[in-house]
Structure formats: structure tokens, C-alpha cells
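As given, the protein sequences belong to chains D and Y, one line each in that order.
Residue numbering for the first sequence follows the working numbering, beginning at 37 and increasing consecutively.
Residue numbering for the second sequence follows the working numbering, beginning at 37 and increasing consecutively.
Accuracy of the hints is not assured; some may be wrong.
It does not matter which identical chain is used: a pair holds within one copy or between any two.
With a straight-line cut-off of 20 Å between C-alpha atoms, the simulated SDA-like cross-links for lysine to any residue are [stated by the list, open to error]:
hint: 1; residue 1: Lys279; residue 2: Arg367
hint: 2; residue 1: Lys288; residue 2: Arg66
hint: 3; residue 1: Lys288; residue 2: His337
hint: 4; residue 1: Lys380; residue 2: Arg349
hint: 5; residue 1: Lys288; residue 2: Glu63
hint: 6; residue 1: Lys288; residue 2: Thr61
Keep in mind the hints are simulated off the structure, nothing from the lab.
Computed from a predicted model, the values in this text were never measured in an experiment.
Protein chains: 2
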Amino acid sequence: MPKTIPPDSVGLVAPRHARFEEPLTLECGRELPGFELVYETYGTLNADASNGVLVCHALSGTHHAAGYHTLEDSKPGWWEALIGPGKPLDTNRFFVVCSNNLGGCHGSTGPSSVNPATGEPWGPDFPMVTVHDWVVSQARLADHLGIQRWAAVVGGSLGGMQALQWAIDFPDRLAHSVVIAAAPRLSAQNIGFNEVARQAIRSDPDYHEGRYQARGAVPRRGLMLARMLGHITYLSDEAMHEKFGRDLREGKPDYDFHYGVEFEVESYLRYQGRSFINRFDANTYLLMTKALDYFDPAAAHGGNLSRALAHVRAGFLVAAFTSDWRFPPARSREIVRALLDEDKDVSYAEIEADHGHDAFLMPIEQYRAVVGAYMDRIARGIGA
Amino acid sequence: MPKTIPPDSVGLVAPRHARFEEPLTLECGRELPGFELVYETYGTLNADASNGVLVCHALSGTHHAAGYHTLEDSKPGWWEALIGPGKPLDTNRFFVVCSNNLGGCHGSTGPSSVNPATGEPWGPDFPMVTVHDWVVSQARLADHLGIQRWAAVVGGSLGGMQALQWAIDFPDRLAHSVVIAAAPRLSAQNIGFNEVARQAIRSDPDYHEGRYQARGAVPRRGLMLARMLGHITYLSDEAMHEKFGRDLREGKPDYDFHYGVEFEVESYLRYQGRSFINRFDANTYLLMTKALDYFDPAAAHGGNLSRALAHVRAGFLVAAFTSDWRFPPARSREIVRALLDEDKDVSYAEIEADHGHDAFLMPIEQYRAVVGAYMDRIARGIGA
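Isolated chain D (complex conformation) (with noise of 0.2 Å):
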């Protein structure tokens, strides 16, 4: 809990809802009836909402990308470390919005949502989403707050693709493309810890072929496995060594079969895969995990990313950091030369960090300061 809310903190915020009531034909061809989004916004839109940013979130996020709820709240919104006044998503220039993805579980219409034809949650009737569905709902949602046109569309990991796909398929509603830790589609190994997860998942007794809301149950065994093997794609092996080493909590082994708690990396991953289950619903977890794996802008051209960006009109900054093994800054530089081939405006930053994929969500000085540049150039370009 902040006893006094730092200066730098977007401070006390409260979440929206937009409810869309246009019908919206999905990806995978099937009709969503209408839908609601809930969102945050940080700071003012100008008078020519012409500094509006949209923040897009990663697996696991939510619209409470920065500030408190309330003054008792343990923690902030989870890019804290980069939204703000005088930071680099400085609120005191820029209107900052984020919602939680559609097929979220936190406000957004999803699988735990009611389903209107039914009465019943959706569940696993869920439309599965894409990352160009997520792209597409968020449009409606800068028509709602009267943004034509943002000044930069950013996002880290799963919310990095989000971005790049909003430079593919809106090319003159967006001003600047911020791709950080991102890739431009998932590799087999990527794919792979995903189907594991999915399995745990759906493996589970209590998972009752995604109907486990009516039956009062909830995955809570497979949720908790998904996790913990999430948070060890999210680490470094050298941050891990650095959070945990092998240090033994009782300080020597107990050699039994109860397979208690021994090594504080296993204290650390349990303690994650609990805390998840209480936070996350298992088909969001199943839908997310899809819609990451089905993001591949380039299929469509043959598997020519560079002819996927051929059309863009954003300006890019793509970032990473040299210890993501998830994806790697290789990942990013696909996304850069396939930009260069096209004659696009591009800045990257390969940013020294050992904390691994999480870095992108870490208040790392030089990822700060990278950031804080590019979007101070944009600033400036909007008088703001």
C-alpha cells in the first residue's frame, strides 16, 4: 500500500466501460453481437485529440496499466514504471488509454461474460479472437473517445504485436508504432510452452471442456502449471540465478517423497501460479494464448513480412533486451530489416538488460530513456 501516492504516479484512477453495440464479424468469420470494453485513460486529451496513446496489453495484462484504484491498493497498474507525469508515456502531454483486450477477463467482454443468446457464460462458445480483432475493437474504442487518428499505438510482448498490427491495418489512424519485446510471429519453442499450457489447462478435471463456470468449479491445477511455466519463459536464467541462485530455504535437502517447497525458485513459482488463479480465467488464458500463436502478419503474403509492412505510414520504434529468450532482440530485428526493405522511418534500440523478458515492464534507465526520447520527438511534433 503507497502510504502517500509518489508525484510521478498518474495517481487515484477509476475504470470505464464503452459498450459497442455494432455487430463485429471476427477473424475467424464468426459474428460477436455487440460488446463492451473496459478501459483507463491517464491525462488530458487536447483540443485537437491529437495526443491521444493507446497502451496495449500483454497475456496476462489488463486495462490498469498505471496508477491506484485505491489508496489501499498493494500494487500500481503494471506499467507504472514508464506511465506518468514526467515519465516517458509523460501524462502531462499525452492522453494515455488502455483496455483490456476483448476475450479478457477483467471487464472486457470474454468467455466469463454472459452470453445474450443463451443467458449463460459464453465459456468455451467464445468466439476465438485475433490480434486484428483486438486491433479492430480498439478502433471502435478511438471512435467512442473521438481520437482519429493516435499519435502512437505502444505495447510490450503480446501488446508490441498489437501495435505492429494497428501500423497493418489502420495505416492513417496511427501517428507512431512503439513494438517493444515483441516478434513478428511465434517460433515452435513459442508455440510449444504454449500447447503445454493449453494442455495443463484442459487436462484438468475441473476444466469440464471449458464449462467449469456453470459447474461452479474452477481449473485451479492446470491455471497455476500454465503460470509457473510462463514465469520461467518470462526470466532470464541469469536473472533467475541472480532472484534465487540454488539456495535451499531450510539450507540443506530433506530427501523425501512430500516434495515440499526446497529451493526458493520453487517457493517463487508456486507462489505465482496461486496468486494467477484468483486473478485469471482459464479460457481468456486458452483464447490469449491462441491468438498469440495464430499472429503471423506475414502469411498472408507468403511469409514476407516486408510486403506485410509495405503499406504502413507509421513511424517505428521497436525495442529489445539482450536477455529475452522469448524474443529475442533476433525477433525484433526481423521486424526492422523487413521495415528497412520498405523504406520505412525506423528507430531501434537493443537495450542491455538481464531480467529477461520481463524487462520490458521493469524501470530499466536506458529502456526509460530510449523510450522517453522517441515519444518526447512525437510530443513535440504535435505541439504538445
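The hints should help you fit chain Y onto chain D, whose structure is shown.
Frame of chain D; chain Y shown alone:
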């Protein structure tokens, strides 16, 4: 099935059993009231019993390292690439021995064996065994076979750790130690992956706190998940890309919530997971992962590996594979450096291979050449 057995195979082989009546006090402090090891041998022990080579198996390996049990076998033993007449472990020159580790599930005494005290399977009451315990039990097998001193103890991965431990525990009972794709201790990330695998097994409702055998149950879901996860760590990102890429089995996404197999990599992992259920015991898997986590010969010397190796007398070949991210070359170099610090006789080879950790099982030319040359030197030394 081999239509004809290749001339460089050891051919048809049969496992043998050795029973040891003398109780064995284990590192955990508990005593095993006698035990049995199943093993195979290839080649002929020479008159002075100087050409014995002990092969140690890895996590999911067995005593069946080479040749075929029947002409109908679909596959030979797990190290057919290296063991046979004219191969690096040349059975025309060496008497090669491989036993199933104590605590295993392929014929040696382990959790699925009957506990003489109760007449029931040991299950979770089986004592925890360590790499040191394996080495001690293998020394009894050496006595049984009349081998006072091995020409070499050889192994990959967890097998390499046994080869290292042999040199520490019985400096006078081996002339050479061949440590392939191993590490002097697990990293926090390694332990993390093991912990997820253990949680997958232990959270399976069919695990019954380890007493599944008495209940006629098998924790299939947990074993499958553990194996799927293992397989991702055995392959390099590059190898998975080569093998599967992002190929969709049906050529296009099916966008449905049934989560059938879509990507080839999903099909591979599910197949590997399912086939493991029928050939491996869950309690053994738990125990083997713990033996890995505990392995840390430097721990007794304040973390100083050189000190742990001060009294070894064996010559060493240490080998690592460039794309192995489970036990990368840097981990092997720690062993090499510690041996050099103590002026020990050590050769080191870093082998170019994009197969990941699994490379140690494969017929890679440079790998076979390196091991072959080292073993040839040993054979010449003993006139074999």
C-alpha cells in the same frame, strides 16, 4: 523393425539381473534392505578385466543402451549411435555395461518394486536416491562383474553427472571419465522446469499422493505434461524450427475452442507425451528430477568445484553442444576450468550441432569422431 540387423550393431541382446543382499545406506540417511539392478553388457571382458566401460543413463533412459531385444523391435537401444563394433564405444575392444539406475522403473529396484517390509509397492515410501547413491550401487555391480577399475565411465546429461561423481567418489576405480552435455549443478531455471514437471504429476488427481499403483491408477495427465515440457528443453529453438516451423497440419487455422492439434509442433509434443505414459513411472520421474536438482558436488566444499575435484585421478573428456540450452557449453566449461585449476588431465570439445541437448543421443560426425578418438586412446593404453 530392422529387417536385418546392421553389421555395426551389437545385435540381439538380453538384460541380466544382479541381486545385492547387503543393505545400502543412502545419502538421505535411510537404508535400503538389498536391491536389484537390471543391466546389459556388450562385448567381452578381457582377461585382466581392464576393458570395462560403464555407460550411465539420463533422466528417462534405461539399461537398454544398444542392440535389439527382438527382431521385431521398432528401435534399437538409446545409444546405438555410439555403441557397437567399430563405433566410438567399440564393442570389439570394450566390455560395455549399462544398468538401469536404482529407483528406476525398468527392472532395477525402485518405487514400483515391492517393499519387502509391507508386500506392497514402495510408491512414495521409496527412499530418495542421489547421484552419489547411484555411483555406489554401480560400484557394487562392478564388484559383481569382477571389474575393479573401469577403463572409462561415460554418460550424457544426468549420465554425465554420474561419470563426474564416479571420479570424485572412487578415484581409483576408473581410468577415465567422459562427461557429455552435463553441468556441475542445475541452474535455478533448470530447477524451475523440474518443479513444473513435478507439480504437473503431483497435482494430477490420479497421483493419489504417490499411491496410484495400489489404486490401479496412473497419473497420465501429469506424466504427459512433464514429458511435453521436457521435450521442449531437449530441443533447440533452431531444431524445432527446422523440424516443425509454423506448419499447420490442415494448412489453415481452425479458430475453434476445441483446441485440436493445429501446429505440427503440437502434434509432436502430444505424441511424445502420450507415449511416455506407457513406459515410465511417475514416482521414478519425480525421484530422478530431484536427484538432478540435488546434484552439486561443489556444495560440500563451500561451492568450490575445484576443491571438489582435487582428488580425482581419472583423465577427463568433457563435451558440450553449441545449441544445448538446457546444459549449455558454458556449464561444461565450468567443469573444465575446475579440472584445469587442479592440473588434471582434461580434453574439452565444443561440438557444433543445432539439435539442442538431444544432440548427445545422435550420430553427429564430429561428436562420434571426438568420443571415438578419446576412446581409441584408452583402448590402446590397455592393449585392446
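Same-copy or cross-copy closeness of lysine 279 to arginine 367 [CA-CA at most 20 Å] | This pair counts as between: shortest inter-copy Cα distance 19 Å, intra-copy 26 Å.
20 Å Cα cut-off: does lysine 288 pair with histidine 337 within a copy, between copies, both or neither?
-> between (57 Å within a copy, 14 Å between copies)
Identical-chain pair category, lysine 288 with glutamate 63, by Cα at 20 Å | between (54 Å within a copy, 12 Å between copies)
How would you classify lysine 380 and arginine 349 at a CA-CA limit of 20 Å: within, between, both, or neither?
-> within (8 Å within a copy, 63 Å between copies)
Alpha-carbon proximity context of lysine 288 and arginine 66, limit 20 Å = Answer is between: at 16 Å across copies they meet the 20 Å cutoff, but 56 Å inside does not.
Given identical chains, is lysine 288 near threonine 61, meaning Cα to Cα at most 20 Å, within a copy, between copies, both, or neither?
-> between (58 Å within a copy, 19 Å between copies)
In this structure, none of the earlier numbered hints is contradicted; all agree with it.
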